[in-house]
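Colleague: Each protein sequence line maps, in turn, to chains A and B. For reference, each letter of the first sequence is one residue, going 1 to 806 in this note's numbering. For reference, each letter of the second sequence is one residue, going 807 to 969 in this note's numbering.
The set of hints was computed from the structure by calculation and includes no laboratory data. Some clues are possibly wrong.
[To be verified] What follows is a set of in silico ranges between Cβ atoms, one per label pair, in the way DEER data are often shown:
hint, chain 1, residue 1, chain 2, residue 2, range
1, A, LYS446, B, GLN965, 40 to 50 angstroms
2, A, ASP123, B, GLY818, 23 to 33 angstroms
3, A, SER153, B, SER851, 53 to 63 angstroms
4, A, ALA29, B, GLU826, 29 to 39 angstroms
We put the CB at the ideal spot given by N, CA and C, even for glycine.
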Amino acid sequence: MNDQTPPTREERVAGLKGLGTSRKRVEDARFTQGKGNYVDDVKLPGMLFGDFVRSPYAHARVAAIHTEEALKVPGVLAVLTAKDLEPLNLHWMPTLAGDKQMVLADGKVLFQGQEVAFVVATDRYAAADGIAAVEVDYQELPVLTNPFEALESDVVLREDLEGQTEGAHGTRKHHNHIFLWEEGDQEATEQAIGSAEVVAEEMVYYHRTHPCPLETCGCVASMDKVNGKLTLYGTFQAPHVVRTVASLLSGIEEHNIRVISPDIGGGFGNKVGVYPGYVCSIVASIVTGKPVKWIENRMDNLMATAFARDYWMKGKISATREGKITGLACHVVADHGAFDACADPTKFPAGFFHICTGSYDIPVAYVGVDGVYTNKAPGGVAYRCSFRVTEAAYFIERMIEVLAIELGMDAAELRAKNFIKADQFPYTSALGWEYDSGDYHTAWNKALEAVDYPGLRREQAERVEAFKRGETRKLLGIGLTHFTEIVGAGPVKNCDILGMGMFDSCEIRIHPTGSAIARLGTISQGQGHATTFAQILASEIGIPADSITIEEGDTDTAPYGLGTYGSRSTPVAGAATAMAGRKIRAKAQMIAAYLLEVHDDDVEWDVDRFAVKGAPERFKTMAEIAYASYNQAIPGVEPGLEAVSYYDPPNMTYPFGAYICVMEIDVDTGVHEIRQFYALDDCGTRINPMVIEGQVHGGLTEALAIAMGQEIAYDEIGNHKTATFMDFFIPTAWETPNYTTDHTVTPSPHHPIGAKGVGESPNVGGVPAFSNAVHDAFRAFGLRQSHMPHDQWRIWKIAHDLGLHG
Amino acid sequence: MSKMHIQLTINGEAQEVLAEPRELLIHVLREKLGVTGPHIGCETSHCGACTVDLNGKSVKSCTVFAAQANGAEITTIEGLGNPDDLHVLQQSFREHHGLQCGFCTPGMITRAHRLLQENPNPTEAEVRFGMAGNLCRCTGYQNIVKSILAAAAEMNAAQEAAE
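Work the whole structure out from these sequences, hints included.
Modeller: If you want it as C-alpha cells, here you go:
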C-alpha cells in the first residue's frame with residue numbers, strides 16, 4: 001500500500017514545527033506529572049545535609065564561634081568556620097564584579113543573614129539542631145543602611161580594603177566607595193542642559209527588590225575520592241562558568257569537575273552568582289567523603305542571595321520649548337551592599353545602564369554611577385533584565401513623564417517627537433551603543449490606536465472634573481512606556497565575565513535514521529529551550545522539531561557556553577544553533593549532490609531536502625542524507641553528520657516595545673485596579689508565539705509586583721523586614737490582571753534568524769508602565785515623582801499629601 | 807528523638823513510615839517515601855508548591871506534621887494521572903501553556919483538581935480566587951486560569967456525555 005500522495009510543500013513545512021509555530025512544549029509532560037528533576041530531588045547514597053548559622057546582626061565583630069556543643073548533637077558530623085576554610089584559602093572568594101566576598105564570617109559580619117558557620121549533618125533536622133547549638137559571640141558595630149550616609153561616614157565597613165584607594169574599576173574616593181563609572185561627554189551635556197529652554201530635574205529611586213524564583217538556590221556536591229572527580233548539581237544559570245570558577249578556586253583540574261544544572265525552578269537572575277553555600281558544600285563533601293546537599297529556605301533566599309536594583313538616579317533632561325530633547329544627565333548612587341557581587345560583564349560595573357537614553361534621539365548625554373558599600377546583602381543581579389537595563393528604562397521613562405509635565409505637553413506626543421526614526425538605524429547613541437534596528441513610530445502608533453488613546457485622555461479629563469465635583473473618588477491613570485532593551489551579551493571584544501568571553505555554543509549530531517540531538521551552552525529555567533531551540537534547528541536542517549532532542553546543563557556533555565541570563569539565550573545560543581545547522585546543511589549538500597550524481601552547485605535546499613535545480617522530483621531528504629553520511633563511502637567526505645558552532649555575536653540585539661496600562665485608583669484607600677494592559681513587543685523574528693506570549697505575561701506580572709508592592713526593606717539597624725512571603729509581595733492569580741499582547745516584527749539585521757530575545761522585555765517595560773499609570777492618575781493634582789513600590793499605603797499617602805482627602 | 811509509626815494511604819497505596827513527631831509531611835513525602843512531585847517554595851503556607859490533597863481537602867504539606875496526617879488518604883500530582891492516562895488538567899496545562907519552569911505546577915494542578923471538585927463550573931473570578939493560595943513566578947496566571955477553565959469545560963462535557 002503506497003498510494004498516498006506526497007505531502008505538499010506547505011505540509012512539509014508544517015510538519016517540521018519550525019520557526020513561527022506555537023509548538024506545544026516537550027518539557028511539560030514531566031512537569032505536569034510531577035516528574036521534574038530539580039536539585040532538591042537529587043538524592044545520592046549516604047548524602048548529608050549542610051546549612052548555615054547566620055548572623056542576626058547587620059554589622060558586628062565576631063569575637064568567637066563555639067562549636068563544641070553543636071558537635072555533640074546527634075547527627076551532626078562537622079561545623080565549618082572561616083578558620084577551617086582559611087588553610088584552603090576558601091574563607092573568601094572572588095565575586096563576579098572584581099571584588100571579594102567572605103564565604104564564612106572572617107572576624108566580622110556585614111549584613112543580617114550573612115553566613116557564619118556551616119553545619120553538616122545526616123539530615124536537615126539534625127542540621128537545624130546543630131545550628132541552634134552553635135554559639136557566636138558578637139560585638140555590635142554601627143550600622144550603615146543608607147548609601148548617601150555611607151559615603152560620608154567614618155564607619156569603615158570593609159576593613160579588609162583599608163588603605164586601598166584603587167578598586168577593580170578605578171579610584172575609590174572614600175572607604176565605603178567602590179567605584180565611579182562614567183560614560184558620555186559630561187562637559188557638553190552640562191552645556192546643553194545649561195543653555196536649554198526647558199530643564200526637568202528629578203531624583204528617581206528604583207528600590208531594592210529580589211528575583212525570588214519559586215525554587216530557592218541550592219546544590220549537591222559529591223566528591224568521589226576514588227576517581228578524584230567532583231560532581232556538582234546546582235541551581236546554576238551558568239553551569240560552565242561555575243565549573244571554571246570551581247576549578248580555579250579549588251585547584252581541582254577542570255576535567256575532574258562535572259557541573260550539572262538539572263531542572264531549574266525559575267532563575268530571573270537569582271541563580272547567576274556564586275554563593276557561599278556552593279563553596280561550603282564542596283568543602284564539606286571533600287572533608288566527609290560523602291555527598292552534601294545545601295538548599296536555601298525562603299528566608300535565606302530573600303536575606304542573603306542576590307538582590308536586585310537599589311539605584312538612586314538623579315536626572316536632568318533638557319528640551320526646546322517645542323519638546324525636542326537636547327540633553328540628558330544622570331548621576332546614580334548605587335547601593336551594592338556589603339560586597340560588590342553584581343553580576344555584570346567585567347568591563348561594565350554599572351551593567352548596560354548607559355542604554356538610559358532609551359528610545360530617543362538625544363544628541364548628548366552623560367552618566368556617572370557611584371557604587372557604595374552598605375550593611376545589606378550583596379548582589380545587584382539583573383532581575384529578569386539585561387544588566388541594569390530595567391533601571392535605565394525606568395529612569396528615562398520617568399524623566400520623559402516629568403519633562404512632559406514641565407513642558408505642559410502630552411507624554412505620548414513628547415515620546416513620538418523624540419523617537420529615533422526608522423531610517424536612522426543602525427543608530428549610535430550619545431552613550432556609545434549601536435542600536436541594530438527598530439521602528440518605534442510604527443509600534444507606538446499601533447499601540448495608541450489599539451487602546452483608543454485620545455478616548456482614554458478624554459475619559460480621564462472628564463473623571464478629573466467629576467472628582468472635583470465630588471461625584472467620584474476614583475482617578476484614572478494612563479501609564480505609557482516605550483522601552484528599548486539591550487540584550488544578548490555579548491561580543492567577546494567587550495563582554496566577559498571573570499575573563500570568560502560571552503560567546504555561546506551549539507553542537508549537533510544527526511543520527512543515521514534522521515533524528516538528532518543538539519546540546520547548548522545555555523540552560524533553561526522555564527523558558528522552554530527544549531521546545532524552541534528544536535524549532536530553530538527544524539527550520540535550518542529540515543528535521544522535524546519532534547525528532548530533535550535538546551540537552552543543556554551537563555558540563556561533561558554540553559559545549560562550553562556562558563549560560564542563560566540577560567535574554568542572551570536566543571540572541572547568542574540561538575544564533576549558534578542556526579549556524580551549526582547551516583554547517584550541517586553545507587555538508588549535507590555535498591552528500592546529496594554525490595547521491596544525485598550532480599555538482600554541488602546544482603542542488604538547492606527545499607524545506608527538508610536537497611533537490612536538483614529545475615528537477616524537484618529528483619531529491620534526497622535530510623533523513624536519506626543522514627543515513628548515507630554514516631553508511632556510504634563518499635569520496636572526499638568524512639563519515640558522520642555533526643557540527644558545532646561557537647558564536648560570538650557582532651553586536652547586541654535591541655528588542656523594544658510599547659506598553660500602555662490603564663489603572664483605576666481609589667483615592668481614599670490607595671487600592672488600584674488594572675482595567676487594561678496592552679503590551680506590544682518587537683523581538684524581531686518570532687520563534688514560538690505561544691512561548692513569547694507566556695514570557696510576556698510572566699514578565700509583566702513580575703513588573704506588577706515590583707512596581708506595586710515588592711521590596712527588600714531594612715530598618716535603621718539593618719534588620720531585614722521582608723524575608724517571608726508574608727511581607728515580600730508576590731501577586732496571586734486574584735491580584736493579577738489579564739494582559740493583551742501584540743507585536744510588530746523588526747528582525748535583527750545581524751542575527752542569523754533575525755531574533756532578538758523577549759523574556760525580559762516585559763519586566764523592563766512593565767515597571768515604568770505600571771508606575772507611570774500611578775503618577776499619571778495624580779498628574780492633574782500636581783504629582784511629579786513618588787518612589788516605588790506603589791503599595792496601597794504609599795498611594796494613599798500621595799493622595800493625602802496632595803490634599804485630596806479634604 | 808524517638809520516632810513514631812505513621813500510616814498513610816498515598817495515591818491509593820498503603821504506606822508505613824517512621825518519623826519524628828516534628829517532621830513535616832512534605833519532608834516525609836519527599837525524602838522518605840520518594841514522592842517528589844510536591845515541592846517546597848516557602849515553608850510558610852503562602853506559595854502552595856507543596857499542595858497535596860489530604861482527606862479531600864487541599865493542604866499545604868509544608869505546615870502539617872506527618873504525625874497529624876496519620877491514617878489520612880493523600881493524593882499528590884503522581885496520583886492524578888499516569889503517562890498512559892493523563893488527567894484532563896495535566897493535558898490542559900500543556901495545551902494552554904499553563905506552566906513554564908514547572909516548579910509550582912504539581913501543587914497548582916493538585917489544587918485545581920480539588921477546586922473543580924468543589925466547584926465544577928467556576929467563573930474566571932472563582933478560579934482566580936480559588937487558586938490564590940498557589941503562587942507562580944513565571945506565567946502571570948493568565949494561561950493557568952485558561953487551562954483550568956478549559957479543563958472544567960472538558961470535564962463537564964464528558965460528564966454530560968456519560969449521563
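Colleague: Compare the structure with the hints numbered earlier in the document and write down the numbers of the violated ones, lowest to highest.
Modeller: 3
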